[in-house]
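Trainee: Chain by chain, the residues run as shown.
Protein chains: 2
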Amino acid sequence: MKHQILVFVAILLCYPGFSQEKQQEIKEDFKPSSKNQPGQEYPQVNSQGYARFRIVAPAADSVRVSLGLGGQGGTKLTKNAEGVWTGTTAGPMDEGFHYYHVNVDGGTFNDPGAKNYYGSVRWESGIEIPAHDQEFYALKDVPHGRVQQILFPSPSTGTSRRAFVYTPPAYHENPDERYPVLYLQHGWGEDETAWTNQGHANLIMDNLLAEGKTDPFLIVMTYGMTNEIKWGGLKDFDIKHFQTVLVDELIPYIDENFRTIADEEHRAMAGLSMGGMETRMITLNKPDVFSHYALLSGGTYSPEDLKDQKDVKLVFISSGSKERPEAVRSSVEELKNAGFNAVSYVSEGTAHEFQTWRRSLRELAPLLFK
Amino acid sequence: MKHQILVFVAILLCYPGFSQEKQQEIKEDFKPSSKNQPGQEYPQVNSQGYARFRIVAPAADSVRVSLGLGGQGGTKLTKNAEGVWTGTTAGPMDEGFHYYHVNVDGGTFNDPGAKNYYGSVRWESGIEIPAHDQEFYALKDVPHGRVQQILFPSPSTGTSRRAFVYTPPAYHENPDERYPVLYLQHGWGEDETAWTNQGHANLIMDNLLAEGKTDPFLIVMTYGMTNEIKWGGLKDFDIKHFQTVLVDELIPYIDENFRTIADEEHRAMAGLSMGGMETRMITLNKPDVFSHYALLSGGTYSPEDLKDQKDVKLVFISSGSKERPEAVRSSVEELKNAGFNAVSYVSEGTAHEFQTWRRSLRELAPLLFK
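Chains as they are written, first to last, in our numbering: chain W, 7 to 376; chain B, 7 to 376.
Derived from the structure by calculation, the hints contain no laboratory data. It cannot be assumed that every hint is accurate.
[Unchecked claim] Below, simulated DMTMM-like cross-link-like pairs (lysine to aspartate or glutamate); rule was C-alpha separation at most 20 Å, straight line:
id : chain 1 : residue 1 : chain 2 : residue 2
1  : B       : K146      : W       : E255
2  : B       : K316      : B       : E270
3  : W       : K319      : W       : D294
4  : W       : K85       : B       : D67
5  : W       : K85       : W       : E47
6  : B       : K85       : W       : E255
7  : W       : K146      : B       : E255
8  : B       : K376      : B       : E255
These numbers come from a predicted model, not from an experiment.
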């Protein structure tokens, strides 16, 4: 178990999100990234997936962007006569969202042109490489659900804790109806803002619902208390603390304050990366709380793990094709052979990053609460 | 009118938020700012209001923080043998929240220790100088309202626009009740996130409600479309665009999708700085939409302005004592003499910054919808 956690942290820290395609001629059709701050022209991306950066720091001696070549130090920018640093990734990036930061004379800063997203236990810069399937998480002229920030009492941690609750359009149109709930966890280094800010979970749901591809349900996102986990610090990790917050504090609060169907059959848990590990641990520790389990780039279940949970309604396991898809597929095959309703999904051409998880949510949602 | 807008932009750009007290011995009781990123030790503040910064940039030649001396270039940091830059403001800062950024070798970046807040048309670093009255916006063990992110259709701008809606605890406890609404605008350079992130408007309301000091109402916050206004660009400013979004698109959406009392008597508009200017313009252009008007460091009304609006229920005008409080007081005196229910508030020891506006909201809320 601890080894598995280490692997997730390692993947998250090291994966460059860098396409394996051969060097090619760079098309000069660069446009501002959709994740830029208002009015900012840089960073830019082109139709091939190259990213181009521009940083003003006239007196600096060295400016690098962490994105582009991973272990080899990212993209080194060069300075022109006006003190403006520019540079382009050495190859195309994978489709979707990437975190990055800028190193200026040995210090770590964010790109002043980009918006910030909480990842790697800091607010990082974010960039979006337009994906061929980006329509499924685009802001469209469809009915929109809400993302409700709540502060729920947590006696075990001695404070009010924040969560976000996605409520679908139907929730507000039908004030007497009750709905199932998906508890959805972020990964290591992230927090409860990740699934909507980076993942666009609300827009994915809005679009699926508008197309009639899923039934409506609530999504609850809170902080998984994972960010204290550092290299070598895993011996101190204990799921008990988050499990108490989630199962004994948040779920009762949600059931009391939202119109939920408050039973195991209508409650799902899913998580990405470390959030998948948490999902796995909590669903195994508390078999009567959730009936639908989903691990997104977050480990697998064996039939042995679930031998006392024959009434689980769905096991969904996914990853990017650049992770270890064979483990996802073989695990699901074994679960099916053991009689479980198990589904695998592999996101083509993506790695341990949010494009994998956006697509995983798109695939998961229509399977829930059937 | 245009002159007044220029003044607001000028104040916002130039005011150092710097206390006028004499140089004093610096107490070594510095603690991390409450606005720091998780786990970050710097920036720090002490009990006198001094701020201390620490930036790692080993190969940099110059690191400055914009906070501390305003026009004189802020606080210059000095480098130790390990390449760590530190520095303390030359004097105590005003109580409350301040925006700032870091200049590294001529480039503008954020402090990697601080969280980011949208101001000055960029995501800025934020720091909090503990105020003697900070309890009124603290996170306490009281019933908490929600902050609901909505996406409302805006035909006039061809997109779905974001707004946040504060719903008080009572709104969720009494599903058959309807509530009045305050439309609350941010200032120049800010956006719809300002009033909750920087202003803690939701916590201010939660605390006032828990103490029985105000009646419950909704607060709606959206982007005021002010950020295109730059020095010299005022000739292009036209309130019409935002007025259409607010009055013709957002208000009908709120009244259709929330349990509001959808009439003039139960609708207020308030704004800070440029948002006050917008409040002033829109309440004068559209006298039948709102009945309670509030300008927070955002100009004044004359009796002549309101000569055809004798049924306005409340005019609230406020500023910091370090702005132009005499204009606030004399304007309210004139309005009272003309028969209006006008109230002034001056925030002691604060300037054109969020502590003034947090306090103004605390003073305004109990006066609304009486």
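Trainee: For the pair we were handed, W/K319 and W/D294, check the Cα-Cα distance against 20 Å.
Mentor: holds (12 Å)
Trainee: With the threshold set at 20 Å, check whether the alpha-carbon distance from B/K85 to W/E255 stays at or below it.
Mentor: violated (47 Å)
Trainee: Is W/K85 close enough to B/D67, meaning Cα to Cα at most 20 Å?
Mentor: holds (16 Å)
Trainee: Can you confirm whether the C-alpha distance between B/K316 and B/E270 stays at or below 20 Å?
Mentor: holds (14 Å)
Trainee: For the pair supplied as a hint, B/K376 and B/E255, confirm whether the alpha-carbon distance does not exceed 20 Å.
Mentor: violated (27 Å)
Trainee: Is the Cα-Cα distance between B/K146 and W/E255 20 Å or less?
Mentor: Judged against 20 Å, a Cα distance of about 17 Å means the pair holds.
Trainee: Decide if the proposed pair is consistent with the structure: W/K146 and B/E255, CA atoms, cutoff 20 Å inclusive.
Mentor: holds (17 Å)
Trainee: Within 20 Å, alpha carbon to alpha carbon, are W/K85 and W/E47?
Mentor: holds (18 Å)
Consistency note: the structure conflicts with the earlier hints numbered 6, 8.
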